[in-house]
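Trainee: What follows is each chain in one-letter form.
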Amino acid sequence: MQLFLQALITGIMMGGIYALVALGWTLIYKCSGVLNLAMGELTLIGAYICLTLYLWGVPFLLALLLTVIIGFILGLITERLFLDKLIGEPVLTVIMVTVGLSFFFRGIIAFIFGTDTVIFDPPVFPMKPIEVGGIIVGQVYIWSFIAAIVLLLVFMAFFQYTRWGLSMQATADDEMAALSLGVSARFVYAIAWGIAFVSAGVGGALLSNINGLNISVGYLGLLVLPAVVLGGLNSVPGAIVGGIIIGVLQNLSGTYLDRFFPGGVKEIAPFIFMVVILFYKPFGLWGWERIERV
Amino acid sequence: MSYLPCGVYHEVYRQDHAFWQTKFVIWKMILLGVFIFFVIPYFGGLYAISVTNLIFYTIMGALGVQLLIGYCGQVTLGHAAFLAVGAYTSTLLMLQWNVPYLASMLCAGLLAGLWGILFGLPSAKVKGFYLIMTSLAAQFVTVEFILTQYVSQIGGRGQAFSLPPGTITIGPMVIDTDTKVYYLGAILTIVLTMGLANLLRSKVGRAWVAIRDNDIAAETMGINIVTYKLMAYFVAGFIGGVAGAFWVSNLAALSPEHFQWFWSLWLVGVILIGGVGSLYGTIFGALFMVLILEALKFIIIPLTPLYPAIGMKMMSLKDAVFGLAIVVFLIYEPNGLAYRWWQTKNYFNLWPFSY
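Heads up: the protein sequence lines correspond to chains B and P, in order. Numbering that gives the first Met the number 0 applies: residue 0 is where the first sequence begins, and numbers increase by one. Numbering that gives the first Met the number 0 applies: residue 0 is where the second sequence begins, and numbers increase by one.
Check before you lean on any hint, since a few could be wrong.
Derived lysine to any residue pairs resembling SDA-like cross-links, with alpha carbons at most 25 Å apart [to be verified]:
#: 1; chain 1: B; residue 1: K280; chain 2: P; residue 2: A123
#: 2; chain 1: B; residue 1: K29; chain 2: B; residue 2: D115
#: 3; chain 1: P; residue 1: K126; chain 2: B; residue 2: L152
#: 4; chain 1: P; residue 1: K317; chain 2: B; residue 2: D115
#: 5; chain 1: P; residue 1: K202; chain 2: P; residue 2: G276
I should point out that these hints are in silico values taken from the structure, not numbers from a laboratory.
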């Protein structure tokens with residue numbers, strides 16, 4: 000039982016970070032219909048910016064804030080340079096452009112920062128774990144989770160109450176109607192990419208606090224896919240719930256199934272789970288249901 | 000299809016159905032054959048031969064991707080899984096049970112084809128982005144999990160199966176030099192490409208193209224979509240398996256490292272740059288991608304004295320160039336190299352009356 004609770008809690012904590020990255024993914028899809036496979040590299044970019052600033056002596060919170068700003072600007076630039084030219088192209092083209100971008104970013108990152116693991120030094124969060132009722136949770140996890148939740152709330156508020164957020168909602172709902180009401184779709188796409196960079200970057204920075212940062216942190220970007228498929232591609236609450244469920248599932252399968260299938264079950268479980276979801280509920284928990292039997 | 004040369008007309012149906020329709024094409028193909036079988040091996044040198052081996056492997060791997068994406072409309076980002084299944088089947092059969100190489104290659108193709116059917120099953124129910132996700136699952140489940148964790152344990156050889164010289168034999172001949180691998184690769188590539196080209200001209204191929212263009216319309220015309228999709232997966236898997244088994248002959252040791260997700264994406268990149276929906280595109284794409292990376296090496300080697308770390312960072316630079324090439328091609332040349340080839344060919348075919 001204690002083992003179960005331990006895995007559950009750790010899973011929820013990790014899931015918070017996944018949810019943050021999944022949110023960025025969903026936003027891009029909802030607003031511009033782009034299925035972004037470069038999410039992992041966006042987390043890498045953010046994480047490396049934050050880490051470099053931190054190693055230069057910038058306090059962590061300020062470094063995170065700067066990461067947000069730089070990430071946002073990078074997002075705008077990426078959208079303008081590459082994605083803007085692809086509006087109206089077939090889905091495969093756009094997906095493959097994001098794949099190409101992911102290689103491009105990854106190559107550039109590896110070229111600049113190398114492939115060795117780097118850590119936040121000195122550690123941002125105290126190393127001493129907290130023990131509640133026999134369950135041990137590292138402080139890193141707790142703070143990361145809190146940061147993820149705060150950011151999620153900020154994003155939610157942004158969508159509900161600000162002018163930019165509302166215009167994004169409008170574009171996602173009906174692009175034509177939004178255009179006729181004077182919402183600039185190009186502006187909204189740019190903002191969506193900016194926010195995706197931000198959420199992925201912060202997720203990456205938090206995650207690299209836990210295990211250190213190297214190029215394989217970009218794997219997070221692939222884990223996001225099961226999360227968004229589970230939640231429904233175009234549903235923001237779905238992305239959050241999906242992220243947390245995938246985090247929990249990953250930890251539970253790592254705890255219980257590792258005995259039977261030694262090795263990488265923890266990394267594979269989300270993908271197997273995803274295939275099962277696709278068979279029975281291809282539109283996820285709250286996605287748009289467009290039934291088309293083929 | 001390109002146009003017939005100016006002034007050439009078919010008079011009987013047999014001409015219309017011919018694989019190579021004019022004398023000129025036949026001579027061109029003979030010339031190409033001479034080039035492949037005599038010019039490169041005798042005058043190319045070992046370096047050219049080893050690069051060409053890589054090109055053959057890329058062409059064979061990309062043929063399956065071209066079939067799935069370009070002719071049947073089933074996007075796959077996990078084709079390296081089928082290559083891996085083929086390579087491992089062939090290696091295990093040779094090492095564990097001493098099966099002859101060519102027989103093991105056939106078994107590799109069949110098993111990879113069945114593996115393709117298994118992971119093609121979701122295509123009966125989902126399509127588009129969701130199908131891409133299942134192909135991703137195919138990649139990770141096959142290579143990162145089953146092969147790395149379980150298959151690699153068979154025979155207690157450790158993570159990599161080493162292939163001692165003399166393992167790979169065809170009859171009495173031992174395939175041990177690059178030149179022999181080259182001939183094998185050339186024959187396999189030609190057989191597979193022509194086989195696929197002929198299959199695409201048949202009823203099956205037309206059904207695939209119909210499914211690609213509009214699946215619902217195809218179904219109303221009486222095409223059993225699920226059967227034909229699975230058939231496409233089988234053929235793609237078969238070609239992939241044979242390609243994987245071929246690549247074994249070029250390796251000293253086989254490990255899952257050779258079939259990472261990067262390689263799946265690489266194959267998709269090859270057909271995107273070459274041109275989707277064209278067998279020429281597969282070949283041009285493979286040539287372009289392999290040669291551009293070799294050229295990159297030649298640019299980097301002189302730079303090494305100036306900036307020593309650059310040799311180490313070659314791999315990451317390679318990734319970046321590959322990514323940028325895909326992006327630039329998709330934005331500025333979405334029809335790929337094959338389209339330019341088609342235009343050039345038609346210009347000469349229609350000359351002097353281009354309208």
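Trainee: All the hints need checking, so say for each whether the structure fits it.
Mentor: Consistency of the hints with the structure:
Between K280/B and A123/P the alpha-carbon distance is near 14 Å, which keeps this suggested pair within the 25 Å criterion. At most 25 Å may separate the alpha-carbon atoms for a hinted pair to count; K29/B and D115/B exceed this at roughly 36 Å. Taking the CA atoms of K126/P and L152/B, the gap is about 34 Å. The hint is violated against a cut of 25 Å. With a C-alpha separation of about 18 Å, the suggested pairing of K317/P with D115/B holds against the 25 Å cut-off.
Pair hint K202/P plus G276/P holds up; C-alpha atoms about 17 Å apart against a cutoff of 25 Å.
The earlier numbered hints that this structure contradicts are 2 and 3.
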